[in-house]
Each structure stands twice: as C-alpha cells, then as structure tokens.
Amino acid sequence: MTMRILSSAAVLALLSGAAAQAEFALTLLHTNDVHARLEPISKYDSGCPEEDNRAGDCFGGAARLATAIAAARAEGGPSLLLDAGDQFQGTLFYTYYKGKAASEMVNRLGYDAMAVGNHEFDDGPEVLAGFAARLTMPLLMANADLSAEPQLKDKIRKSVVIEEAGERIGVIGLTPRDNPELASPGPNIVFTDPLDAVQAEVDRLAAEGIDKIVLLSHSGYEADKRIAAGTTGVDVIVGGHSHTLLSNTDDTAAGPYPTMVGDTAIVQAYGYGKYLGRLDVVFDDAGKLVSAEGAPILLDASVAEDAGVKARVAELAQPLEEIRQKVVAETAAPIDGERGSCRAGECAMGNLVAEAMLDRVRSQGIQIALQNGGGVRASIDEGPVTMGEVLTVLPFQNTLSTFHVPGAAVRAALEHGLSQVEEGAGRFPQVAGLRFTWNPEAEPGQRLRKVEVQEGGAWLPLDPDRSYGLVSNNYVRNGGDGYSMFLDAREVYDFGPDLADVTADYLAAQAPYTPRLDGRIATE
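Residue numbers (the numbering used here): 1 to 524.
Note that these hints are calculated values from the structure, not bench results.
Where hints are given, some of them may not hold.
Unchecked claim - In silico lysine-lysine, DSS-like type, Cα no more than 27 Å apart, as pairs:
1) Lys43 with Lys98
2) Lys288 with Lys158
3) Lys100 with Lys158
4) Lys43 with Lys326
5) Lys225 with Lys288
6) Lys100 with Lys153
7) Lys153 with Lys98
8) Lys98 with Lys155
9) Lys98 with Lys158
10) Lys225 with Lys158
11) Lys98 with Lys326
12) Lys100 with Lys155
13) Lys288 with Lys100
What the hints assert, rightly or not - Label-pair ranges, simulated between beta-carbon atoms:
14) Arg466 with Gly262: 50 to 58 Å
15) Glu491 with Gly110: 46 to 54 Å
16) Glu23 with Thr523: 44 to 52 Å
17) Glu163 with Glu75: 15 to 23 Å
18) Lys326 with Asp280: 43 to 51 Å
19) Ala301 with Asn188: 43 to 51 Å
20) Gly130 with Pro187: 18 to 26 Å
21) Pro78 with Ala408: 52 to 60 Å
22) Ala314 with Lys450: 51 to 59 Å
23) Glu163 with Ala314: 42 to 50 Å
24) Gly130 with Val161: 20 to 28 Å
By construction, the Cβ of each residue, glycine as well, lies at the ideal position given by its N, Cα and C atoms.
Can you make the complete structure from the sequences, with help from the hints?
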C-alpha cells in the first residue's frame with residue numbers, strides 16, 4: 001500500500017479550508033417602527049401623494065420594501081427577515097383595519113419573527129391577540145408574564161429557534177417594561193426587567209445547544225447598549241422604539257452601523273419603512289460572531305415598487321380615501337413635527353396642537369395645555385392640508401381631557417416631561433398658556449428653572465398652591481407616558497372631542513396657518 005505524504009503547506013491549506021467551511025454567513029434583514037406606513041411617505045414621514053411618488057420624491061412603502069427584500073433574498077445566501085416592533089398605529093390603515101392590514105403585509109413579505117412593540121398594546125390585549133392569531137411567524141416578548149392574560153398567554157412566545165441552512169439561530173423578543181405607561185396592555189400582564197429576561201432566555205437556549213442569538217429589542221438605542229453591556233451571549237441586537245438611524249455614511253446618524261458593545265452588534269433602521277436594514281454577519285464554528293457589517297438601505301425612488309404589493313395596498317386604501325382626501329385647511333409654511341424636534345424642545349407642531357387644545361376649552365376656565373411630544377407623529381408640508389395628514393400627525397384617537405390640579409402638580413408634570421430627553425422619550429411637554437426655562441445638563445428631577453402662566457396679557461409665576469385648569473389628551477391625563485400626577489386631578493372630564501378633529505378645526509379657522517416658535521420652552 002502506498003501512503004501519500006502531504007507537505008506542510010498542503011496541510012495548512014486543508015485546515016484553512018475546513019475552518020472556512022465551518023464559518024456560517026447569515027444576512028439579517030430588519031425593520032422597526034413601521035407604524036402602518038404601507039404607502040410611500042414624504043420627507044416629513046407623512047403621506048406622499050402619488051404624483052409626488054411618480055416624480056421620485058417619496059420613500060418607503062410596502063411595495064418598495066417588498067422589492068428590496070426580494071433582491072436581498074435573490075442573492076441566495078441564508079437570511080432572516082426580522083421586525084423589532086410597532087407595526088401598529090400611525091395612519092388610517094391602522095385606525096380603520098386595526099391589525100388586519102399589518103398582519104396581511106407582514107405575512108406577505110415573509111417575516112421570520114417580530115417583537116411586540118408598545119403600540120401593539122394600544123387597543124388592548126384583544127386586538128393584539130387577533131393580530132398574533134393571523135400571523136404566519138412567531139410574535140416574541142420575553143420580559144412579560146402572560147399567564148394571567150387568557151387572550152395572549154398562548155399566542156406570544158419568549159423566543160424561537162429558526163433553522164437556516166442547517167444552522168439553528170435563537171431569536172428573542174423584548175418589549176418596553178413601561179408598557180402600562182405607554183399603551184393599554186390591561187391589568188393582567190406583568191412586565192419584567194429586560195436584562196434578567198434576556199439573560200434567562202439566552203441561558204435556556206444555550207442549554208439546548210443554541211450558540212447564535214439575535215435579540216429583537218423594542219427598547220431604544222440607549223437601552224440596547226445597556227442590555228449589550230449587561231448580558232452575555234447575545235450576538236446581535238436588532239433594535240426599535242427610539243426610531244434611531246445608525247449609519248456609517250449619514251451625518252445625521254446617531255451612531256455607527258453596527259454599534260459594537262463588547263462582542264454584540266447593535267443595529268436599528270430609523271422607522272416608518274423608510275429603510276431596510278441589512279447586516280451581514282459571520283459566525284465561527286463555535287457560534288462566536290467574527291464579523292458584522294452592513295448598512296440601512298434607503299428605499300427611495302431608485303427602488304422599484306413591487307406591482308402586486310402596490311396594487312393590494314391601493315385596494316386596502318380605497319375605503320380610506322374619502323376620509324383622508326378631504327382638504328380641511330391650508331398652511332403658509334411647513335409645520336415641523338419631527339420626532340427629534342418635539343421630544344427635545346419647543347416644536348412648531350407641538351405649539352399648534354397645544355394651542356388648538358387650549359383654544360377649544362379656554363372658555364371653560366382652562367389656562368394651560370400640555371401635549372406629550374410623543375403624541376406628535378409627523379410634520380405637515382406647506383399648502384393644502386388634508387384630514388389624512390392631520391390623522392397621520394395625531395393617529396391615536398385621543399380625546400380632549402380637562403381637569404384641575406395645583407401648581408405643584410403642574411411643576412411635577414413638567415419635571416417629569418423633561419426627565420428622559422436623552423432617550424428621546426415621548427413624555428416631553430409641548431405647552432400653551434405656559435412658558436418655562438430648563439437646564440438640560442441638570443439631573444433629572446432638577447431641570448426646571450422658571451415657570452410662568454399667562455394671565456390675561458401678563459406672565460405670572462406658577463403658584464404651587466393655586467389650582468389651575470389644564471387640558472391634555474386622555475392618554476396623558478390617565479397616567480400615560482408616566483404622568484401619574486394627573487391621576488388624582490379634580491373636575492375631570494376625559495371625553496372631549498377627538499384631538500385630530502380639534503386640531504383640524506383650529507387649522508381651518510387660522511387658514512392659512514403660519515407655524516411659529518416663540519420661545520415658550522427655553523434652555524439656560
């Protein structure tokens with residue numbers, strides 16, 4: 001028998017080839033915070049007319065998303081399509097269909113898993129349960145005890161193991177712990193610490209031999225960095241909730257794509273379906289992440305719209321047309337309602353909404369309006385304003401709430417609203433009939449410097465012992481966004497007109513409306 005002797009070079013070549021074969025390359029396609037934007041959007045994240053779409057001025061939409069997903073899949077490599085939550089709420093597609101249109105499109109695009117976002121709870125467990133039941137992929141939420149909620153306990157999982165090209169990938173879901181403040185999950189669900197929940201699920205999956213872990217985290221960019229630092233075993237975090245753009249080429253991005261914290265790659269792709277995130281990862285034979293690179297793909301006019309998806313979206317839109325095409329007002333300039341503006345300082349849309357609320361009820365002895373910045377969801381461009389545009393700005397079907405509280409509670413509310421600016425929290429207070437100065441560098445709870453209330457034509461210091469009449473939306477008045485200081489208010493009426501209707505009426509009365517900033521919210 002003849003024995004073949006290999007040279008050392010040949011042995012090294014074989015070993016390197018074996019190592020290369022042991023590596024596993026995977027493409028992660030991801031979205032977050034789509035918020036019912038099935039149709040293309042404008043640069044203001046609001047509706048974009050079809051003539052503008054044909055002119056190349058629109059972004060996103062389910063039809064462009066379908067094309068981008070199909071192109072990535074056509075490359076032939078292993079891939080997963082994931083969503084980090086908040087498919088619900090934001091346009092008439094949700095107002096009219098609740099979760100039915102969203103579930104149809106998620107199924108059609110072929111998602112592999114989705115996290116539960118806070119807005120999935122906006123209409124309580126019943127609507128979320130119906131959405132989950134229609135899905136052809138798993139809905140995930142690890143940090144919640146659902147055992148006492150019969151509508152959801154068998155419909156949502158903590159994690160799922162997906163097999164792709166012979167490899168098993170664990171996917172875990174995470175939802176905001178403060179969902180009871182952000183939405184309407186009901187009294188039967190207990191939300192738990194995200195770090196503990198993630199680590200417990202990672203450990204459980206590891207015990208089953210799963211060594212590749214992706215976390216779908218509807219928690220926000222800052223929270224995701226803390227989760228990455230405070231847990232072990234998570235390879236990739238696909239984030240949402242904060243609508244953060246991560247990019248290596250866009251000067252407006254909040255950080256690099258991916259953001260590395262230790263060995264964990266964090267990605268997020270803004271929101272509203274404007275981008276499709278794409279992260280190409282490689283694992284070694286021990287399941288260790290050895291490379292992660294990619295970019296959010298801008299779904300602009302260069303991405304063709306899938307004809308079948310576009311036709312179906314148009315069909316779903318037919319019942320909505322009469323509502324949204326009605327012109328209700330005109331604006332002399334664009335009204336800025338951008339998330340980054342209205343959650344960090346005075347913004348033109350916040351002023352509009354607060355002024356509209358106060359104007360409606362001032363004759364009832366109400367002096368102050370407070371609108372949470374997170375309740376403002378889009379901008380409006382110059383020119384005719386349709387009801388559809390107003391509903392895109394104010395999609396939540398909130399009603400006006402009037403009530404009375406002492407000045408000390410007003411001050412506490414403002415401090416609360418300023419307490420999470422760094423995280424882009426929706427609690428930031430947009431106001432009317434009141435002005436204040438604050439210090440963003442101070443510790444939360446100690447940021448407010450000066451507060452004055454308008455009395456006739458004068459501005460007088462806020463009196464902590466005096467009772468003031470306030471108007472807000474029913475979500476905030478009932479403790480939403482953590483405004484618990486309003487729960488004990490007196491002379492409460494939570495059932496006023498819809499906030500979108502009030503704003504539309506105010507715009508019409510002021511037409512052409514001129515947006516303005518007047519320094520009512522100032523920093524020192």
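Run through the hints listed earlier and report the numbers of any the structure violates, in increasing order. 13 and 23
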